[in-house]
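Student: Each chain, written out:
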Amino acid sequence: MHLGDVPDVVPGVPCATMCGMFRRSATDRVLTGVAGGIGERLEIDPVIVRLAFVILTFTGGVGLLLYVAAALVSRKPDPDPPPPPKTSTRQAVAIALVLTGVLLALRGIGLWLGDGVVWPAALVALGSAVIWTRGDEATRAKWLARMPSWIREDDESRPRIRTLVGALVIALGAWAFLSSNPPLDLFDNAPLAVATVLIGLAVIAGPGIWRLIRQASDERRERIRQEERAEMAAHLHDSVLQTLALIQRTEDPNEMVALARGQERELRTWLYGKTKPGGDGSLSAALDAVAVEVERAHRTRIEIVMVGDCPLDDGVRALVHACREAFVNAARHSGARGVSAYVEVEDDQVTAYVRDQGVGFSREAVPTDRHGIAESIEGRMERNGGVAVIDSAIGHGTEVRLRIPRSRAT
Amino acid sequence: MIRVFLVEDHELFASGVRNELGQEFALVGHASSVAEAVVEIPKAKPDVVLLDVHLPDGNGPEVVEALPDVRFLALSVSDAAEDVIAVIRAGARGYVTKSISPPELADAIRRVHEGDAVFSPRLAGFVLDAFAGQTAPAIDPELDQLTPREKEVLRYIARGYAYKEIARELHISVKTVESHVGGVLRKLQLTNRYELSRWASERKLA
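Top to bottom, those sequences are chains A and B. Here the first sequence stands for residues 1 to 410, where the numbers follow the working numbering. Here the second sequence stands for residues 1 to 206, where the numbers follow the working numbering.
Isolated chain A (complex conformation) (with noise of 0.2 Å):
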């Protein structure tokens, strides 16, 4: 059956009466909701509205089409649904006259498959119906009152005596089906036999099995839930906590700062690492673990801003190297608060600039046994063919930079 070929709108009936009767459930759904829908604006258990359409599709298919006709006429789900409604008996037992006059009727129009089929379907659909319906509470505790303690004791929240008594009538309506087809006697015909008892059965025991599965559905997904907290405590526990208890032993003011900052790059890691582009192997996560390498061993903040990425190379990797080593420097001799960086990654080269606002110094008086500078950073981007150029003067910091071209290996 194609739903896209039927128009949405029956031409020459105003909108104001067609759309929008009802709208379909968003939460009270088999199909598409349609049956939720109805029974919410009727205020009827849908359980009873659905059971309507399977009986009247074993009319001549004629629930088949109330209920796609009934599909286009509905507007969308309630985004934000109110609780459904429960049911009362008055109402469940208009339904059920409704339907016997409906069935009546169609069955004096000729949309019958034949008594010995129909009744006995709505005598198992009543039976389901009793089973299924989630009832008033009210009614049912009323009810419940006057019953022996026997059916009492059973109840958590359907009493034994509804599940007894659609068994019943399922049965009934089983044995009438056997019994009004002679062709398909229980002695003739053992096969179909076993199968309307199992059906009969699976019928009855539906709604247990059913609950069955929702308990255990909602049970994992409340362990899922549990478990994260879990981890996430764990991982609060060994670090933040950790942390927390150490800043507050600690005398050192740098030292404080420093555990915080450590702290907060790990948690910063933890929260967001997972979304970080590149991953390993890449130039930003090279530069991230040398920057907290540097930060945990000499006290200091080091800020990167990065613009675009690469997968780490041999002159990338040199360029890396560098960088620390201008970290290591700018933590050791400048006395500035902290380091900034900044690294650019071009179609053609990456270029990188490590900053200090400290007190700088004067190539001419750093002793030429220091071989930091020359050897770690110059040297090492020369060899790799980069550059490094190191702007400092005295009382004005210092800006190291670093250019590497691409190797074109793709």
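To be clear, the hints were calculated from the coordinates, so they are not data collected in a lab. The beta carbon of each residue, even a glycine, is placed where N, CA and C say it ideally should be. It cannot be assumed that every hint is accurate.
Unchecked claim - With a straight-line Cα cutoff of 20 Å, these simulated EDC-like cross-link-like pairs (lysine to aspartate or glutamate) come out: (1) B:Lys151 to A:Glu264; (2) B:Lys98 to A:Glu264; (3) B:Lys164 to A:Asp391; (4) B:Lys98 to A:Glu303; (5) B:Lys151 to A:Asp348.
To be verified - To spell it out: a stretch of chain A is covered by chain B in this simulated footprint if at least three of its residues, at any positions, have a beta carbon under 8 Å from a beta carbon of chain B; those stretches are: (6) 299-312; (7) 340-347.
Let chain A serve as the given structure and place chain B on it in line with the hints.
Tutor: What follows is chain B alone, placed relative to chain A:
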């Protein structure tokens, strides 16, 4: 005295800011939710609103969009690109992280009050990133691309240079630096540039 309004749901941080800024600025009000901010800010008529990006009943951009005539400086512990770009695109004049030092924060408030944009190094990096890449043709070249000079200024900001230092490096006046940054801010808010929208939608901003 510049009138400052604080939108901040973390009481500890709010009182810290009040202590730091109380001498220098007139703190004219405080709100701790989007709903409260939208009602209280027009009453208090502040010059600058310090706005936390994450609020219990919504996010900073909602406040910015609801009050288009107010100057906002966004303030957050997050330095995630989506938070930064979203609040700037909504109309905030600047973005700084909460780890900023008190004098720097005071300076940023003064600059927003004077109508300038305040870009942290990280924000400059995000903008360069968003405008990087020449693959797709610009829809509106005037808005969809940064000029070489604007890029240059942004790079200096990303490198941690102050406006004064940038002016010295580029041999231009501080006013010119400010107007370049203002131009970038305008483009960021108005552009429909393909890369920026794609970049935004990848980060669920659009």
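Student: Take the hints in turn and mark each one as holding or not.
Tutor: Evaluation of the provided hints:
| no. | hint | result |
| --- | --- | --- |
| 1 | B:Lys151 to A:Glu264 | 31 Å, violated |
| 2 | B:Lys98 to A:Glu264 | 12 Å, holds |
| 3 | B:Lys164 to A:Asp391 | 18 Å, holds |
| 4 | B:Lys98 to A:Glu303 | 14 Å, holds |
| 5 | B:Lys151 to A:Asp348 | 18 Å, holds |
| 6 | 299-312 | holds (count 5) |
| 7 | 340-347 | holds (count 3) |
Hint violations for this structure: number 1 only, all remaining hints satisfied.
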